[in-house]
Structures are given as structure tokens and as C-alpha cells.
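Undergrad: The chain contents come next:
Protein chains: 2
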Amino acid sequence: MSSGLVTSRRNRRTPYTECVESLGVSGFSIVNHTLLPKSFARSVEEDYWHLKEHVQLWDVGCQRQVELRGPDAALLAQKMTPRDLSAMTPGQCYYTPVIDNHAGLLNDPVLLKRASDWFWFSIADSDLLLWAEALALGMNLDVEVREPDVWPLAVQGPRAEDLVARVFGDGVRSVRYFSFLECDFHSRQLVVARSGYSKQGGYEIYLDDSALGITLWDTLWEAGADLQVAPGCPNLIERIEAGLLSYGNEMTRENNPLEINLDRFCHLEGEIDYIGRSALEAIAAQGPSQRMRGLLIDGTPCPPCGKPWPVLVGDIKVGQVTSAIWSPAFRQNVGLSLIDKDHWNPGTPVTVLLPDGHELGAVITSLPFTVSSSTP
Amino acid sequence: MSSGLVTSRRNRRTPYTECVESLGVSGFSIVNHTLLPKSFARSVEEDYWHLKEHVQLWDVGCQRQVELRGPDAALLAQKMTPRDLSAMTPGQCYYTPVIDNHAGLLNDPVLLKRASDWFWFSIADSDLLLWAEALALGMNLDVEVREPDVWPLAVQGPRAEDLVARVFGDGVRSVRYFSFLECDFHSRQLVVARSGYSKQGGYEIYLDDSALGITLWDTLWEAGADLQVAPGCPNLIERIEAGLLSYGNEMTRENNPLEINLDRFCHLEGEIDYIGRSALEAIAAQGPSQRMRGLLIDGTPCPPCGKPWPVLVGDIKVGQVTSAIWSPAFRQNVGLSLIDKDHWNPGTPVTVLLPDGHELGAVITSLPFTVSSSTP
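Residue numbers (our numbering), protein chains in the order written: chain C, 1 to 376; chain V, 1 to 376.
Any given hint could turn out to be false.
[Claimed, not checked] Looking from chain V toward chain C, a few residues come up when the C-beta cut is under 7 Å (computed): (1) 126; (2) 135; (3) 249; (4) 268; (5) 326; (6) 328.
[What the hints assert, rightly or not] For each label pair, taking beta carbons as the anchor points, the in silico distance ranges come out as: (7) V:357 - C:90: 43 to 51 Å; (8) V:49 - C:303: 34 to 42 Å; (9) C:225 - V:26: 33 to 41 Å.
In short, the hints are calculated from the structure, not lab data.
Ideal placement from N, C-alpha and C gives every residue a C-beta, glycine not left out.
Start from the sequences, fold in the hints, and give me the full structure.
TA: Structure, rendered in C-alpha cells:
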């Protein structure tokens, strides 16, 4: 669904908004009260092919940081996630589901450990800052919680490594996935992490001085001229094909981490203490009642999924589509869906009910999609 | 600023979204991860005149409720706001700034007291739910905090009373400003409050069953046919003329309540305990360094204020414009602004610097604007 967006100061600009405006951004989304570019001149499919072949700059400044710093920072970080952080070292990034007291998902940030007493949660769309601050206040912890002047810029695509190395040096080539280096840039030390919301490879640069936004963008832009660098944004086709989840779409507070297949990030055996542990243990003992699954959906390109589409077996609702789009790779519509336990086995034939009443045949697949998924 | 909005399930629909779509909504904003209609076929100025003469239905379902219920509900509510709640009785609505430990504004909700142990914060754009829940958890309070299935629908304009009385009975006529009644509607008891984000009079109906959304909208719509009822939304001209503040525009976490003239909602003399009190006392002792003021700005209709515009005296920046628009009533641009202490006296001539480099003459006024403001 696309329609007019009426913005005001309440929808914060990023240090890169001017840059994407000058490059013809034609649509935004709002994430964390901040503008996220969502479309440029090209179609989503043209953008998808470009992302898979070249390199793109993404203004993901909306990925705000929740900084925990001080003697109790590590304690608070661990309270906030069921993932075991005990072996995490400075320079690492962890994908960390954050849950409430009922094991409902509050956010699914990437956690960066800057030092033993210094963490950044790089967040999806909810005010995790308020959660962290109020916990610190209510529990009387010795930690400063704030949103620093940090604005990620993503460089994504197969040529991202070449481009980032030109600007930050060849050291970035040896950075492992979900690790980061600190790199010089105009007298600042910027976190440069090998990460990002695509499976095409790339980096996220955590600019910590908004006044340098245009300089950073322009430096990368100019260095990438011969690499066909283009402005971009998280690509709906690419992320669904890759099985990348989106907070607010695939998961909300109504969901627990087990339902969306985050079992490996849920510490349930050892002694680690975190909010929601007893609720999560109870769910784990029972087993989740639904799971995130892929769907291969018949028919011509489906409309955008602006609200959950029912998934049926016969007349019975057995789940819902959370995101869907036409996949050029599979030459079929692909979707992400939450499917009830009795029907979640890959290969199960189902029906998807569109808002206009049309029904499309579909088949359940495992995630991420694989070539064999298309011929179950 | 207006451009494409790319939405997904993450931007929640309200029980009324279908209704506004069928009536030709042409633009949305996002508030609390929820769609807020912001424009229909008419211009903002046509909409303004209609609002001042007739009656409008506003889909303000994005005003989500943070419900506190249980033995410690009153204690938690008081912790969250500097306003003294000790004399509040069930059936009352209070405007309640919510501040953090540094007296920074987290939200400026309307608080509804349903019962001695049952409150709703009807919130502006930030996830106050996370703040309230984490406080309850960290402080180990005996209170359930949740977002109930409640979706306000506003009826605003001089004919609102007639329209609401037709649907809910003449009892609503005697409801005082910022009080509410419970009224029968399809076997439910709905909170009907005399309140709303305009100064034209009206009500907010707190529908507590999303399945009845279309029924409620249609019932009001049909009852108002001869009253020229129209779909509408908070009107930028009307709210600026009335001096109504918007969280995220006029105030952010960078601001304390005294800066935006909320002194009368800040309990500083008695014994009431709330978060941020000592910080607020320190600010009050010193006096705020800036204040919210009106501006009457010269020239032809100004562009939309998408980012803060500097306010200058000579070459010195003395403040910023937070919202501005052409006022048909004053035949002049009107703005809201934060102005430094040494320059905030009404009548002070200043200059407003637009993003394109143009400078406009302006004069500082008190708020709300009055007819005499236009001839200071």
C-alpha cells in the first residue's frame, strides 16, 4: 500500500535525508519516529537486481541506538534479552530478541558491545529506549541509558566490500560477519560492522556525529562511481527470499521468540537471569502453537500485504501471511507466514485469502527459502 | 512536506481505516505505529473552515491507551506525571505531562480515571506503554499494564454536541469539558469524553471493541447527514491558532514542561512524589532558559515547517520555529516557537530563516493567539 505521507518535525530527518532527497527519493516509511527511504525512481524489482549485482547506500539512520554505559550496563543488557551474552566480547554484534515479562517480543535489535561496560542496541521500530531507561530507574541500576548521536548508514551488495575498503582501508576486508572495527574518518573513530538487512553482504557504518552525515554519504558516493553505486533501501523481495524478519510485520508483542524460530537465541538451560524467562520456559515446555514458515503462492504477482491475509486449509483458518511479494528468483509469489502447529509441515497445501476475496493456492516451505523449496 | 508513504502491517490500521479509505483519504501520518488520516479531498484551509462551522469525524485510533489496573495503579500513574492527581475522581480527564528522570518530556497524554484502581493514558506519539510496564516491573508494583482494544474516534466542531446527542442521548450535553460519561452502544458501555484536539468543541468516543468500528463510524455518519458531517483530522491551522501543542513538534525529550508553559501541571510545592521531581525543581529554581511563544510572520503563505527554522535577532539565533502555517483568521503566517529567555517578551521583532535562505520578519506573541496578538 502506498499513499501520501504528511510529515512534520515529529518525523525526524537523518543526517542523510538531504542526500536521498537530492537523489530523488519518492517514498518514505517511518521507523522510530524517523524517516526511512523506501523507494527511488526504480521499481522494487529493478532495485532488487541492482542490489544483487552492485552496491547500494541505505539511509538507515532510523536504526536508533539505545546506549547502556556504566557499571551495570552488562547486567541490564542481559536482563533485556533471552540470549546468553556471557561470552560476548567487545567488537562483536549479536542479534538479540528483547522480550517482556510474558515473553512477548518488544524489539529484535542488533546488540553491539563497545566495551565491557558499554553497549548499543541498534533497534527496530519500538521505543526500546523507554523500556531500558525505566528498567534502570525502577531497578535502581548504576547505568546511563540514552540515545546517542549515532546514525547507521548501510552499504549493501556484492561490491560493498570493495567500496568500504576504498574509504576505510583494507582492514575492513577481514572483519567477520557480525563483528566490527573502529575506523578513522575525519578525526572520528567510526564503528564499521559487517552486517545489514540483506543477504548480499555489506557493512553498517555507525556515524557518531550527525554533522558529518553529508560528508560520509558523499565520500562513499564518490568512491563508488565506477561501481554503479546507487541509493537504496531494504528490499522487500530480497528480504522475504532471504527469510529476514521485520519487527511489526513478522512479529509483534503478540509473538514469542520460539514462534518465529529464534530458539537458538533463547537461553533456557543454564543459570542466566532475564526478564520473561519463566514465561518463555513455560512456552518451551508446551511447545509453540504456531511457527514462522515460508509460503510459495500461486498466481500472478500478488498485491502488497498491508494487513494479515488468512491462510486456510479447507474452511479452517490455520495461519496468516505477514509479508508477501512476487519473487523473480522463484518466478512465484513468496510469503512469510505464521502457521498453526497441526499444519506447519513443509509441503502442506493451503489457500491464501486475499482482501478482495480471491483465493490463491499455496504450499508451506521451510525458511530460508532454498531452490528446492520451489519444488517441494 | 508531503511525499509517498510506503506502508505495511507494521503501520497498524484502526477499526476506522476502511471508513476513511472509502471516503477518499489521500494522506496519512504515522502515530504510535498506527495510521492517522491527515488529508482528504479538501485543502487544509477548506477543512479548517468546515471544522469551524460544522462537524467532523476524526479517526484518532492512533491515540492508543496505556491501561494501568490494580492495587498500585494510582501509585504508578502519579509516579509518571508531575501533575498532582490526588483530587482526581472517576469520570475526569486530566492533561498530564509525563517526564523522565531529567524532567524531559516523554509524552503529553490525557489521563482518564475509570475507577480508583483503573486509569487510561491516552497517548501522543511515543511508546509510553514500555515506560509504564518497565517501571511496574522494575519497582515490583502490583498493577497490570497493557494496551487494551480501545480506539478513540473524535467528533469535533460546533455541531458535535448535536450529533453525539443524537447517537448517545441528551445526557452528553451536560458533560463538562474534560469529563466523561459511559454510554450504551450495541451492548457495550463506551467512554464518551468532552475533549479533542481542537478548540471547536466536541467529544472523543473510546470504542472498546474494534469489531464495532465500522458500526460506530457509520452510525455517526448517518446521524450527521443533515449536519454536513465530513471526515477530518487534526487541522494544522486550527491547532496553531489555538496554541495546541504537538508532542514531537513543539516538545521532545530535549524539553521540560516549564519551557512549554505547562507550569500549572507541575506540582512543586507539596509532598507528591513523581519521577523527575528533583530535576524539575532545579529547573524551576533557575527558571527555564526558553519558552514556547507565538509568532506572527510576515509575507505570503510560508512553506510547511518540516525541520526547525532558526529565529534570529540580528545575526544571533534566539530560538526556533516548531510549527507554522498561513492563518486565514489573522491573514498572516502564524507559528509556534521556542524562544530564548532574553528575547521572549511579546512584541519583540525577530527574523525567521527559511530553509531556502529567505528571511521573513516576525513578531513574538503570547499564546494562545488572540485578536489583539495581530496588532501588538
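Undergrad: Does residue 328 of chain V meet its interface restraint, that is, does its C-beta lie within less than 7 Å of any C-beta in chain C?
TA: violated (19 Å)
Undergrad: Return the status of the interface hint for residue 135 of chain V: holds when the least beta-carbon distance to chain C is below 7 Å, violated otherwise.
TA: holds (5 Å)
Undergrad: Do residue 225 of chain C and residue 26 of chain V keep their Cβ atoms within the hinted range of 33 to 41 Å?
TA: Between residue 225 of chain C and residue 26 of chain V, where Cβ atoms are some 39 Å apart, the hint holds.
Undergrad: Taking the closest Cβ pair, is residue 268 of chain V under 7 Å from chain C?
TA: With Cβ-Cβ at 20 Å, over 7 Å, it is violated.
Undergrad: Given the hint of 43 to 51 Å, check if residue 357 of chain V and residue 90 of chain C actually sit that far apart at their C-beta atoms.
TA: This hint holds: roughly 45 Å between Cβ atoms.
Undergrad: Take the shortest C-beta to C-beta distance between residue 249 of chain V and chain C; is it under 7 Å?
TA: Holds. Min distance 5 Å.
Undergrad: Less than 7 Å between beta-carbons is the criterion; does residue 126 of chain V satisfy it with respect to chain C?
TA: Holds: closest Cβ of chain C sits about 6 Å from residue 126 of chain V, inside 7 Å.
Undergrad: Determine whether the Cβ-Cβ distance between residue 49 of chain V and residue 303 of chain C falls within the hinted range of 34 to 42 Å.
TA: holds (37 Å)
Undergrad: Given residue 326 of chain V as an interface hint, is the shortest Cβ-Cβ distance to chain C below 7 Å?
TA: violated (16 Å)
Comparing the model with each numbered hint stated earlier shows that hints 4, 5 and 6 do not hold.
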